[in-house]
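Build out the structure end to end from the sequences listed, making use of the hints.
Number of protein chains: 2
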Amino acid sequence: MTADPSAPMAAIDPLRLRVFSLNCWGIRYLSKHCSQRYAMVAELLSREGYDIVLLQEVWSEKDYLFLKNKLACSHPHSHYFKSGVIGSGLATFSKHRINDAFLYCYSLNGYPYMVHQGDWFGGKAVGMVILEIGRLKAHVYLTHLHAEYSRERDTYLPHRVVQAWELQHFIRHTSSGADVVVLGGDLNMHPQDLGTRLLMASTGLRDCYTETDVFDGCEDGITLIADNCFINKKDLVPFEKGIRIDYILIKGSSRVELQCESMSTTQGSVPDQPHPYSDHEALSVALRLGPSGPQAGGEDGGSGPDCAAGRVAELVDLVTEARTEVKVGLHCAERRRYTAARTGMMGVALLLLEVVMAAVPWLGGPQPFPSASFYLLGALGLASLLVTSMLYLFYTTELKALQGAEDHMRLAVGSLQERLRGVAMKRPPLEAEE
Amino acid sequence: MTADPSAPMAAIDPLRLRVFSLNCWGIRYLSKHCSQRYAMVAELLSREGYDIVLLQEVWSEKDYLFLKNKLACSHPHSHYFKSGVIGSGLATFSKHRINDAFLYCYSLNGYPYMVHQGDWFGGKAVGMVILEIGRLKAHVYLTHLHAEYSRERDTYLPHRVVQAWELQHFIRHTSSGADVVVLGGDLNMHPQDLGTRLLMASTGLRDCYTETDVFDGCEDGITLIADNCFINKKDLVPFEKGIRIDYILIKGSSRVELQCESMSTTQGSVPDQPHPYSDHEALSVALRLGPSGPQAGGEDGGSGPDCAAGRVAELVDLVTEARTEVKVGLHCAERRRYTAARTGMMGVALLLLEVVMAAVPWLGGPQPFPSASFYLLGALGLASLLVTSMLYLFYTTELKALQGAEDHMRLAVGSLQERLRGVAMKRPPLEAEE
Numbered sequence: 001m002t003a004d005p006s007a008p009m010a011a012i013d014p015l016r017l018r019v020f021s022l023n024c025w026g027i028r029y030l031s032k033h034c035s036q037r038y039a040m041v042a043e044l045l046s047r048e049g050y051d052i053v054l055l056q057e058v059w060s061e062k063d064y065l066f067l068k069n070k071l072a073c074s075h076p077h078s079h080y081f082k083s084g085v086i087g088s089g090l091a092t093f094s095k096h097r098i099n100d101a102f103l104y105c106y107s108l109n110g111y112p113y114m115v116h117q118g119d120w121f122g123g124k125a126v127g128m129v130i131l132e133i134g135r136l137k138a139h140v141y142l143t144h145l146h147a148e149y150s151r152e153r154d155t156y157l158p159h160r161v162v163q164a165w166e167l168q169h170f171i172r173h174t175s176s177g178a179d180v181v182v183l184g185g186d187l188n189m190h191p192q193d194l195g196t197r198l199l200m201a202s203t204g205l206r207d208c209y210t211e212t213d214v215f216d217g218c219e220d221g222i223t224l225i226a227d228n229c230f231i232n233k234k235d236l237v238p239f240e241k242g243i244r245i246d247y248i249l250i251k252g253s254s255r256v257e258l259q260c261e262s263m264s265t266t267q268g269s270v271p272d273q274p275h276p277y278s279d280h281e282a283l284s285v286a287l288r289l290g291p292s293g294p295q296a297g298g299e300d301g302g303s304g305p306d307c308a309a310g311r312v313a314e315l316v317d318l319v320t321e322a323r324t325e326v327k328v329g330l331h332c333a334e335r336r337r338y339t340a341a342r343t344g345m346m347g348v349a350l351l352l353l354e355v356v357m358a359a360v361p362w363l364g365g366p367q368p369f370p371s372a373s374f375y376l377l378g379a380l381g382l383a384s385l386l387v388t389s390m391l392y393l394f395y396t397t398e399l400k401a402l403q404g405a406e407d408h409m410r411l412a413v414g415s416l417q418e419r420l421r422g423v424a425m426k427r428p429p430l431e432a433e434e
Numbered sequence: 001m002t003a004d005p006s007a008p009m010a011a012i013d014p015l016r017l018r019v020f021s022l023n024c025w026g027i028r029y030l031s032k033h034c035s036q037r038y039a040m041v042a043e044l045l046s047r048e049g050y051d052i053v054l055l056q057e058v059w060s061e062k063d064y065l066f067l068k069n070k071l072a073c074s075h076p077h078s079h080y081f082k083s084g085v086i087g088s089g090l091a092t093f094s095k096h097r098i099n100d101a102f103l104y105c106y107s108l109n110g111y112p113y114m115v116h117q118g119d120w121f122g123g124k125a126v127g128m129v130i131l132e133i134g135r136l137k138a139h140v141y142l143t144h145l146h147a148e149y150s151r152e153r154d155t156y157l158p159h160r161v162v163q164a165w166e167l168q169h170f171i172r173h174t175s176s177g178a179d180v181v182v183l184g185g186d187l188n189m190h191p192q193d194l195g196t197r198l199l200m201a202s203t204g205l206r207d208c209y210t211e212t213d214v215f216d217g218c219e220d221g222i223t224l225i226a227d228n229c230f231i232n233k234k235d236l237v238p239f240e241k242g243i244r245i246d247y248i249l250i251k252g253s254s255r256v257e258l259q260c261e262s263m264s265t266t267q268g269s270v271p272d273q274p275h276p277y278s279d280h281e282a283l284s285v286a287l288r289l290g291p292s293g294p295q296a297g298g299e300d301g302g303s304g305p306d307c308a309a310g311r312v313a314e315l316v317d318l319v320t321e322a323r324t325e326v327k328v329g330l331h332c333a334e335r336r337r338y339t340a341a342r343t344g345m346m347g348v349a350l351l352l353l354e355v356v357m358a359a360v361p362w363l364g365g366p367q368p369f370p371s372a373s374f375y376l377l378g379a380l381g382l383a384s385l386l387v388t389s390m391l392y393l394f395y396t397t398e399l400k401a402l403q404g405a406e407d408h409m410r411l412a413v414g415s416l417q418e419r420l421r422g423v424a425m426k427r428p429p430l431e432a433e434e
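Those protein sequences? They're chains A and B, same order as listed. My numbering numbers the first residue of the first sequence as 1 and each following residue consecutively. My numbering numbers the first residue of the second sequence as 1 and each following residue consecutively.
Treat the hints as calculated values from the structure; they're not laboratory data. One should not assume that every hint holds.
Just so you know, same-sequence chains aren't split out, so a pair can sit in one copy or run between any two.
[Claimed, not checked] Dumping the calculated DSS-like pairs for lysine-lysine here, alpha-carbon to alpha-carbon at most 25 Å: (1) 62 <-> 327; (2) 68 <-> 327; (3) 233 <-> 32; (4) 32 <-> 241; (5) 95 <-> 70.
Please read these numbers as outputs of a predicted model, since none were measured by experiment.
Have a look at this one:
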């Protein structure tokens, strides 16, 4: 809002920006050494003085306020995103003024009855803050997607794919006025997973880990590592050393070129400290901002119709793959809703049986059942009817959200194919083509 | 995506765009003459051939598919937004290609136990479609906010204010790359209501009704009128003739100047037809698009620091007013949650009483109560515990959403005040100031 878009490109001095991201694992009374770890994080942040700090799983507002208090001097600007029952757990601290904030809650986020996993209660979302960095406008995104729990039987894959789909949509549509785009967070997806590829291909965001030449951290950039004492090694199988699921992704604009100069991650234990900062490793990057070269572009960026066609064709494949995954989710959700409806019908049948049983003594017959069984059966019928009604409603919203995502994906594929035809028409005719 | 942003402004030929908006009141089996009215709407739309059609309360997908089928020739492009349990009810038809779509569901939308009102089940949202109109990119928004029900005791006011707040946020953040912005729908707010003023002041959208010189419709542009046979006149009190709650709002860009040439609304009955199209009146506007003049701007648009300062000061007042409304909502939600918790405690007390009653015969005492009362009391305790637990969870999410909105508003006020200071510093010093 305050950045002057008419400022000449050359007026942007090379600028450095340091970004930090950490999943804090901050479940009060349940996560180990929670308050000590927050104190360690606060000490690290105020010492290092990163420009932008992106924290996930700050589940308690008290912990956010503790950090806000501790970082009042080093990071005077902050925002805490509230959603769901517990909150989104997303908190951001900044050296630079936060001009605006916006939250988008994902339409799918697991199941409320999986209380022990807690994802549904967290109200997973993507938060955006708009920072004023000198004369530049940075759109900084912060998110945490649904956890995987089991790689072999990943029942949440359709939900996570829809979250990645909504995330890329949100970033694409809200970042068009930005000079700099940064996304940080725990995506709960491996680098080669469908959601990661879809996110990066459609937004044009680049992975700091693969981009930088200067990296100091664990092998393969893993951020959930076997050497972290809070990690149960069995949970990592078949990835013995660990997995990379936390990211910092970046993108420049037609005005600003953005490069990742260096990246580092923690490696489990912290020198002179009794515990690691969290069960996840912390990521930090140093970014270099400079005036954009003449070839830099927006989303399409590249050069030549062949290059553009290749990118669009890749996107068509990715969205089609995502659509297939969503269709699998739709099939499962339909089956679950059908089961809920059938169990509800059993509840109705039990209640009808109760009515018949109650009618027998009134019509002069003997009491066919002991009264305890009569009332227990009634309670069972009523309870099953109540629970299945609510499940039916919930699965209907799941179905609607999945159908909505599938419709959007179909529309996107059609639109991309139209673009592909447009690109093909721009291409000069090949010589001697059979 | 496909519009070429480098096209010179002068290359935009003056272009006409006709937009139609209607709340269809399409509750199957409940709304009167539903299928006949859809047939009438289909006939009108294919005859008139509006460029963009924005429909609300198309609750059944079957009705959307009926319209899609009927309008296949006149409006080959369409999108239906799915959300919530029933759906958002939002459908759009277009003569121009729809390149992309995006849905934002409001975080607050009434209460699930108000089943007869049904707002919660509808999953109210704002849908956006990106249209390719020649070389221009039009962002078209379509929404339907929570109904008012009672003007005197409007318990949903905080929810509607938060919806208007989120709506303006969504439009501001997703429209920066657009040449043309159009919002149509049933806002369920009068022109002078806080939400309407907030929406228009913060987005820069202009009301077609107040802007056009050529208007053909009901007095004061009312869209819910006493002369419509589906309207219960008692519901309109104290506005005997009717109210204006449906809108088409527009905004150009630095490239395109957008003007409303004419506007018309239906006036209850339809010539040669047995029924009106709906309980709401239909709106249609003719817009004129031309190349932007040298003074046209984006959001700030105006001229001179005084003008800009005036607008920012107005926004500060509006956001502060909205914050007060949200605080009232917060207070009520806290009270409701407290009541739910207290009733839940009564359920727990009942269950404890049951345990004591069950223990008496086991300990050798007499059976203190007839067994029917015993089981009924148990069922009552359990049911109240279940219901209040769910209500407690629901009110917690309501609180979180209200707190989130209030935090955003506080941030926005701070940021606006900072802008105001910036504008004040740009103003030339006044002469002879004391």
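Hints numbered earlier in the text: which of these fail when held up against the supplied structure? none
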